[in-house]
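Residue numbers (this note's numbering), protein chains in the order written: chain A, 1 to 101; chain B, 1 to 101; chain C, 1 to 101; chain D, 1 to 318; chain E, 1 to 318; chain F, 1 to 318.
Hints are computed from structural coordinates only; laboratory data are not their basis.
Listed next, the in silico DSS-like pairs over lysine-lysine satisfying Cα-Cα at most 30 angstroms (straight line):
#: 1; chain 1: F; residue 1: Lys119; chain 2: D; residue 2: Lys186
#: 2; chain 1: C; residue 1: Lys6; chain 2: B; residue 2: Lys97
#: 3; chain 1: F; residue 1: Lys186; chain 2: E; residue 2: Lys26
#: 4; chain 1: B; residue 1: Lys25; chain 2: A; residue 2: Lys7
#: 5; chain 1: C; residue 1: Lys97; chain 2: E; residue 2: Lys158
#: 6; chain 1: A; residue 1: Lys25; chain 2: A; residue 2: Lys6
#: 7; chain 1: B; residue 1: Lys97; chain 2: F; residue 2: Lys215
#: 8; chain 1: A; residue 1: Lys2; chain 2: B; residue 2: Lys7
If you want a taste of the chain F side facing chain C, the calculated C-beta under 8 angstroms gives, among others:
#: 9; residue: Ala273
#: 10; residue: Arg276
#: 11; residue: Ile277
#: 12; residue: Pro280
#: 13; residue: Gln281
Think of the CB as a built atom: it goes at the ideal place given N, C-alpha and C, for glycine as much as any other residue.
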Amino acid sequence: MKVRFKKITIVAERVLQEQVVELLKRHQVSGWTAQNVTGEGSRGLRASEWEGSNVQIYTLVPETVADAIMEDIARHYFENWSVVVYSQDVEVLRPDKYQHP
Amino acid sequence: MKVRFKKITIVAERVLQEQVVELLKRHQVSGWTAQNVTGEGSRGLRASEWEGSNVQIYTLVPETVADAIMEDIARHYFENWSVVVYSQDVEVLRPDKYQHP
Amino acid sequence: MKVRFKKITIVAERVLQEQVVELLKRHQVSGWTAQNVTGEGSRGLRASEWEGSNVQIYTLVPETVADAIMEDIARHYFENWSVVVYSQDVEVLRPDKYQHP
Amino acid sequence: MSLLIDNILTPVVLCFLMGMVARWIKSDLSLPEAMYQGISIYLLLAIGLKGGAALSDTPLHVFAKPAIATLLIGMLSPVIAYAMLRKFGKRTSIDAAAIAAHYGSVSVVTFLAASEAVKRLGLQPEGYLPALVAVLEVPGIIVALMFVRTDGESSWSKALHEVITGKSIVLLIGGLCIGALCGTQKLTDVQPFFGAAFKGALCLFMLELGLVAGKRLRDAGRAGLRLLAMGIALPPVLGGLGVAAGLASGMSEGGSAILGAMAGSASYIAAPAAVRIALPQANPAYYLTLALGITFPFNLALGIPLYIYLSRTLNIWL
Amino acid sequence: MSLLIDNILTPVVLCFLMGMVARWIKSDLSLPEAMYQGISIYLLLAIGLKGGAALSDTPLHVFAKPAIATLLIGMLSPVIAYAMLRKFGKRTSIDAAAIAAHYGSVSVVTFLAASEAVKRLGLQPEGYLPALVAVLEVPGIIVALMFVRTDGESSWSKALHEVITGKSIVLLIGGLCIGALCGTQKLTDVQPFFGAAFKGALCLFMLELGLVAGKRLRDAGRAGLRLLAMGIALPPVLGGLGVAAGLASGMSEGGSAILGAMAGSASYIAAPAAVRIALPQANPAYYLTLALGITFPFNLALGIPLYIYLSRTLNIWL
Amino acid sequence: MSLLIDNILTPVVLCFLMGMVARWIKSDLSLPEAMYQGISIYLLLAIGLKGGAALSDTPLHVFAKPAIATLLIGMLSPVIAYAMLRKFGKRTSIDAAAIAAHYGSVSVVTFLAASEAVKRLGLQPEGYLPALVAVLEVPGIIVALMFVRTDGESSWSKALHEVITGKSIVLLIGGLCIGALCGTQKLTDVQPFFGAAFKGALCLFMLELGLVAGKRLRDAGRAGLRLLAMGIALPPVLGGLGVAAGLASGMSEGGSAILGAMAGSASYIAAPAAVRIALPQANPAYYLTLALGITFPFNLALGIPLYIYLSRTLNIWL
Ligand SMILES: Nc1ncnc2c1ncn2[C@@H]1O[C@H](COP(=O)(O)O)[C@@H](O)[C@H]1O
Ligand SMILES: Nc1ncnc2c1ncn2[C@@H]1O[C@H](COP(=O)(O)O)[C@@H](O)[C@H]1O
Ligand SMILES: Nc1ncnc2c1ncn2[C@@H]1O[C@H](COP(=O)(O)O)[C@@H](O)[C@H]1O
Ligand code: NA
Ligand code: NA
Ligand code: NA
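Work out the full structure, taking the sequences as your base and the hints as a guide.
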């Protein structure tokens with residue numbers, strides 16, 4: 001049985017990875033997946049090559065939580081950081097797996 | 001001319017990569033794309049660091065095949081493995097490219 | 001305030017990365033994100049292992065621009081290259097961020 | 001006592017410790033995955049080459065008895081481990097078999113650390129020992145997996161394929177063959193890379209291993225005290241067996257101590273992948289924590305000196 | 001003059017130049033990120049080990065005075081840098097503090113290049129200098145961050161945690177401890193890897209650094225001439241302070257020149273991450289361009305010979 | 001015969017073989033991409049440095065003739081290859097040009113293997129040979145691409161830019177310049193890394209190359225027997241040309257054999273990327289299979305001894 005969920009994706013500077021994951025956990029997401037990416041945007045400033053380029057993190061969440069997470073990301077990071085966030089519709093099996101951990 | 005397709009994404013332990021690709025091929029997908037990812041979920045058990053962290057594999061398929069693949073993944077892996085699967089709507093050009101190889 | 005956008009994803013041989021980014025820039029995208037991927041398709045030909053495997057590039061754009069970009073990719077690369085392109089609906093915050101740079 | 005401290009105050013062991021400390025203070029230090037895998041490939045190939053060159057200088061009749069003894073250890077130790085894990089460890093049959101597979105195989109780095117320790121004491125271990133590592137790596141895993149009925153042929157043969165074509169065994173055996181075919185002299189050219197640089201590269205590997213072990217150790221609480229105790233009880237038992245088998249098959253005091261360390265160690269390279277595929281129901285947290293979080297540091301710090309002591313004592317008796 | 005050319009015509013510096021040229025002709029050359037990070041881990045650990053071994057041979061009273069002098073440089077130089085950046089550089093308070101943090105810390109590679117240059121002249125710098133690098137790395141960042149009120153405790157302590165548990169400081173201090181505990185003799189085994197291979201590995205690192213600096217240099221235009229001038233004015237001022245402090249604390253001519261190079265250099269490893277977290281409002285383009293695009297090449301080409309000259313001249317006076 | 005076996009029983013060639021076997025038994029062994037690219041960067045830079053140092057000791061008039069001969073080979077061999085591929089290989093004009101570009105350029109690893117083989121025989125090849133590798137790398141690609149009308153200026157100039165600013169040529173030329181500027185003596189410091197460790201690192205590279213070649217070989221069936229035959233026919237023809245050109249330009253017996261191996265080899269580093277961009281209609285399966293799956297192993301096993309034999313025989317005649 002498939003259920004409609006939201007996939008929220010965040011592209012951020014590498015130094016922010018831990019902070020973003022903590023933010024997600026505060027919203028009680030059941031999990032997250034991350035990968036290293038490179039890219040260019042309108043700011044394009046990163047702390048240093050030593051820290052690596054960007055990180056892209058996504059989480060699958062029930063639709064009710066999605067907006068709150070996106071707004072939280074916006075509030076924390078939009079002013080001073082190179083951060084992009086967007087959401088997509090997805091369908092998952094086993095919806096109970098993605099409830100509070 | 002754009003046609004509605006399904007994108008099915010599977011996040012799995014690295015040791016499963018070959019098996020998952022084989023499973024997809026049994027469904028006659030025309031191709032797949034994979035990348036290394038890290039992440040945390042409700043299980044978070046992986047065979048060992050030597051094998052690397054997770055792998056994320058996706059395939060673009062006609063809507064008719066999508067459900068069968070997701071259920072096949074569920075049947076094989078949900079009980080004992082750290083596996084997540086979800087599907088999304090996408091639009092592709094050249095739909096004939098994605099028919100049986 | 002969330003606004004509907006398009007996410008256009010291109011999977012291409014690594015040698016094409018620069019060209020594809022240039023093509024995107026000609027369409028005045030505000031940014032792009034890339035990552036290395038591996039995969040198999042119906043062609044599966046790549047210039048050489050020295051160049052690495054595939055690259056996956058995506059860009060977030062207003063819906064009005066999406067079709068033009070996809071068709072441009074198709075026109076340039078479908079005949080001779082291992083290139084896949086697809087689009088998805090996404091919702092972004094701060095839509096003004098993604099206007100012409 | 002000074003043997004103990006001498007064993008710990010080496011760059012290799014201290015790098016492991018540094019990794020554990022770095023994890024403990026939550027440093028973001030970590031070797032990129034590609035580096036870590038690259039170094040393991042290098043280490044396994046280097047061990048193989050060295051062992052192969054030594055093997056080419058060893059008459060078959062000298063090598064035969066220790067090889068058979070090692071094979072016997074490989075068949076026996078998972079049985080002992082399984083019995084102990086069932087009886088004292090109170091594990092389910094599946095978890096016990098999964099863990100036993102790890103103790104039936106061998107930890108390459110423990111082997112290296114033991115070789116170092118033995119050489120530091122001025123003993124001359126047999127040069128063909130790396131070949132014994134290859135001999136010991138596979139059979140224990142197979143034997144242990146036989147304790148449980150897996151879901152049919154297919155997953156069994158997959159696991160077998162996984163072990164035998166796994167990177168670690170391919171590199172070790174490949175290295176042994178190349179070393180044996182070339183002989184010491186033709187390896188001179190690659191000696192600066194595979195020989196002289198070896199211990200330094202091992203330091204980097206140990207650093208990462210320390211980071212991983214630190215993580216495992218933090219999760220160790222969940223495994224329960226009973227299980228942790230097994231991680232300390234199994235090495236001496238299996239290690240004692242190894243030492244005895246070594247001496248009985250005519251190996252030197254040093255070589256037998258190293259064989260003891262091999263027997264008393266738990267694999268965390270070849271075994272986990274094979275076990276994960278053959279026994280997905282088993283809990284990886286148990287076997288990974290035990291092998292890397294408990295037994296490996298135990299052997300580094302206490303096990304190796306113990307096996308040396310045992311070998312010395314037994315050797316006098318015999 | 002010949003000192004200048006001699007300083008540039010070395011494999012290490014030329015590799016840096018080659019990286020800049022490769023970027024300039026838009027070559028696709030670049031070290032994979034995993035390699036680059038792996039090599040930095042290797043370099044930092046190697047420096048630490050070497051310094052630690054030297055430290056274990058140095059009586060405390062010999063080391064104490066230079067260490068205190070270095071600490072003072074670490075506290076003073078961000079203050080000077082901040083004042084200059086505000087007054088002559090016309091930076092906002094936040095940007096000035098962010099840049100000052102970088103000049104308060106130290107560039108490890110500049111340190112290495114200075115050591116090489118000094119040794120090429122036949123001088124014998126103190127062996128414990130890498131320990132001073134560790135001493136100099138942290139305090140300057142902390143002091144500089146105190147110039148601005150950050151948004152509360154939390155981000156401050158995060159930045160502190162970031163610096164102290166950051167890879168570079170963990171590796172340096174870890175290496176120092178291991179080196180000091182093992183002593184020169186026990187490090188013999190790892191010398192081929194961490195010692196003999198060091199300068200070659202540094203070449204690869206410099207190649208990548210050249211590529212990065214080339215990119216920064218291309219963006220330098222945006223920063224404005226006034227700022228670029230600061231990237232050339234700050235090194236001699238802070239470097240002079242370093243040389244004087246070195247000589248005053250009893251260090252040799254060569255050691256003082258190196259301390260000058262350390263003081264006159266700007267960190268691009270530890271500082272940027274910490275500053276980004278503590279002062280996200282500051283513009284990274286400013287501090288990265290200055291540290292890596294201007295000051296680092298300046299020091300490589302002109303700064304180091306200048307500090308050597310200063311040290312020699314001052315030493316005669318004193 | 002013993003020359004043949006001696007040529008194969010070296011760590012470098014056996015590592016290649018081991019990679020092919022590992023692929024054949026479907027092992028999951030593979031060097032991480034970052035490592036593979038890192039090692040290639042290292043190898044190319046090291047070759048350049050060594051050649052540059054030798055070049056700085058070579059009077060121009062000694063180097064001029066072999067350089068011109070090499071240039072001629074670079075212009076001539078793609079023409080011969082194109083003609084043969086059209087006539088006997090029955091390829092389309094585009095595929096023939098694409099393949100010819102690979103044979104017009106040079107395989108760096110074949111060059112290395114040939115140098116080793118020649119030195120093992122006690123011959124002293126010219127030290128400036130790596131400079132000839134750089135000379136041979138580019139022109140053949142350009143000439144071959146002229147056989148087909150590409151879709152306009154733009155893709156042509158893109159291909160040219162791709163070759164000239166490609167990693168391999170930048171590293172080789174960069175290394176040559178650095179080596180020539182520094183001279184042998186200043187390179188002493190980096191010799192343990194770039195010199196002594198070279199052959200060992202090459203082993204790791206060959207392992208990965210074996211894995212890749214194994215994959216290509218598995219796909220070779222699709223290319224058709226006629227094409228595979230070309231992969232074996234072209235090397236002796238072009239190699240013979242190379243040997244003759246070498247001897248005619250006054251090079252030694254050993255050097256001419258190596259030049260033969262260079263001429264008879266097909267590039268799989270610089271050429272594929274450039275050809276892919278300039279001639280996207282050409283089928284990569286053809287040129288990759290031929291260059292890496294057929295010609296490279298052929299040269300390793302049979303080609304190199306053949307070129308040595310040719311050089312020896314011709315030298316007596318002349
Ligand atoms: N329009 C876009 N499409 C895809 N990725 C983007 C886009 N804009 C920004 N990004 C990504 O987000 C990162 C930060 O963007 P910015 O804050 O605009 O510098 C970039 O490095 C890109 O990886
Ligand atoms: N809610 C989620 N959102 C994104 N990725 C997830 C989520 N849950 C699990 N994952 C990914 O799937 C992997 C396995 O999850 P699990 O089976 O829950 O341990 C994790 O390591 C994550 O990479
Ligand atoms: N159906 C598919 N689903 C996902 N990825 C695909 C699919 N087809 C092709 N690809 C990706 O696109 C690349 C080129 O495909 P192709 O042009 O079919 O060889 C492959 O290497 C895959 O990474
Ligand atoms: Na064991
Ligand atoms: Na400084
Ligand atoms: Na050629």
